[in-house]
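Trainee: Residue strings, one per chain:
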Amino acid sequence: MNLLRFFSRPPSAPAARERLQVLLAHERATVGDSDLVTKLRDEILAVIARHVQIDNDKVSVKMERGAKVSTLAVDIEIPLDAARKATRKKAA
Amino acid sequence: MGKVIVVTSGKGGVGKTTSSAALGAALAQNGDKVVVVDFDVGLRNLDLVMGAERRVVYDLVNVIQGEAKLTQALIRDKRLETLYLLPASQTRDKDNLTSEGVEKVIAALKKTFDWVICDSPAGIERGATLAMRHADIAIVVTNPEVSSVRDSDRIIGLLDSKTLRAENGERMEKHLLLTRYDPVRAQRGDMLKVDDVLEILSIPLLGIIPESMDVLRASNLGSPVTLADGKCAPAMAYFDAARRLNGETLPVNVPGERRGFFGKIFGRKAA
Numbered sequence: 001m002n003l004l005r006f007f008s009r010p011p012s013a014p015a016a017r018e019r020l021q022v023l024l025a026h027e028r029a030t031v032g033d034s035d036l037v038t039k040l041r042d043e044i045l046a047v048i049a050r051h052v053q054i055d056n057d058k059v060s061v062k063m064e065r066g067a068k069v070s071t072l073a074v075d076i077e078i079p080l081d082a083a084r085k086a087t088r089k090k091a092a
Numbered sequence: 001m002g003k004v005i006v007v008t009s010g011k012g013g014v015g016k017t018t019s020s021a022a023l024g025a026a027l028a029q030n031g032d033k034v035v036v037v038d039f040d041v042g043l044r045n046l047d048l049v050m051g052a053e054r055r056v057v058y059d060l061v062n063v064i065q066g067e068a069k070l071t072q073a074l075i076r077d078k079r080l081e082t083l084y085l086l087p088a089s090q091t092r093d094k095d096n097l098t099s100e101g102v103e104k105v106i107a108a109l110k111k112t113f114d115w116v117i118c119d120s121p122a123g124i125e126r127g128a129t130l131a132m133r134h135a136d137i138a139i140v141v142t143n144p145e146v147s148s149v150r151d152s153d154r155i156i157g158l159l160d161s162k163t164l165r166a167e168n169g170e171r172m173e174k175h176l177l178l179t180r181y182d183p184v185r186a187q188r189g190d191m192l193k194v195d196d197v198l199e200i201l202s203i204p205l206l207g208i209i210p211e212s213m214d215v216l217r218a219s220n221l222g223s224p225v226t227l228a229d230g231k232c233a234p235a236m237a238y239f240d241a242a243r244r245l246n247g248e249t250l251p252v253n254v255p256g257e258r259r260g261f262f263g264k265i266f267g268r269k270a271a
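Keeping their order, the protein sequence lines are chains A and B. First residue of the first sequence? That's 1 in the numbering used here, and the numbers climb one at a time after it. First residue of the second sequence? That's 1 in the numbering used here, and the numbers climb one at a time after it.
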């Protein structure tokens, strides 16, 4: 039974080839640390942190690298009193 | 003036040291004067693969620090008159390799040898960047496997930016040496094919070394595979690669294309 599965498995090399092509296209485009998506993530979080106090556990950042486009999803929970807390902190 | 070759890969365990020894011996068997330099300070292995581990007195770091003369540190191969080894230090760490020191040693070696082969350590740290720094030609050793291909791509980027040639606006000659190629797996579609790797990395192919027991056997015996058994498949592939380095144009023999009994059975499955 195991032997049968071994022989009927679809080849994995095409998947390896495709994954590498997508990955390397991204890695070649980013010179050094100037990774655009990473920069965007950091700056977006910095801007929001200026206005509301962000609880790091309540922030979810998701990134998906595709062949043509990448997507960045930033999901932040903002509690009702967040704005107040931030202004109070600044004043202190 | 001799040519300086760096044998590099990024990833460890893909066959840099084996290939450095085999290509060095193949070039020397052709009558050229060859020195193979181990840059893996702290984890030297070229001496072991070449069967000279008991003859190491001085090493590269000793020469750089001025504690030994270059001629004292060079070990001549017992089987081949024109093949020499410059071992790495086993005890000191790689910070002892200075850029100026390496430059001086390479310049001196270039004067007396036809080929200076620098066996790079894995990684992209100091040892690896110094090994590639003065190279005229780079041999990128890659296994047909995703992590090795990715690391090779990274190394190609470094070769085009961090070497002296690149900084002087000159072209860095790069060649791909595909090692541990298993024709049966490739036919079955479970290993990246030669064309896949070539298309992804887009550098010219120097040779394909088939996965083989002969390579392990040669390293067990402390002999470059081209010396241990010149007639076995990996040795023939290294001989061809050495001839290509000398400027000859030879067709590349893809292992398993002339399929035997097993190849026929497994080959059909991939189609």
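Read the hints as simulated data drawn from the structure, not as lab findings. A couple of the hints might just be wrong.
Taking lysine-lysine and the BS3-like style, the derived pairs with C-alpha atoms no more than 30 Å apart in a straight line are [to be verified]:
| # | chain 1 | residue 1 | chain 2 | residue 2 |
| --- | --- | --- | --- | --- |
| 1 | B | Lys111 | B | Lys33 |
| 2 | A | Lys39 | B | Lys3 |
| 3 | B | Lys94 | B | Lys162 |
| 4 | B | Lys193 | B | Lys33 |
| 5 | A | Lys68 | B | Lys3 |
| 6 | B | Lys193 | B | Lys104 |
| 7 | A | Lys58 | A | Lys39 |
| 8 | B | Lys231 | A | Lys39 |
| 9 | B | Lys69 | B | Lys231 |
| 10 | B | Lys33 | B | Lys104 |
| 11 | B | Lys231 | B | Lys104 |
| 12 | B | Lys94 | A | Lys68 |
| 13 | B | Lys162 | B | Lys231 |
| 14 | A | Lys62 | B | Lys78 |
| 15 | B | Lys162 | B | Lys78 |
Computed from a predicted model, the values in this text were never measured in an experiment.
Trainee: State the violated hints by number, sorted upward, taking the hints as numbered earlier in the document.
Mentor: 2, 4, 5, 6, 8, 9, 11, 12, 13, 14, 15
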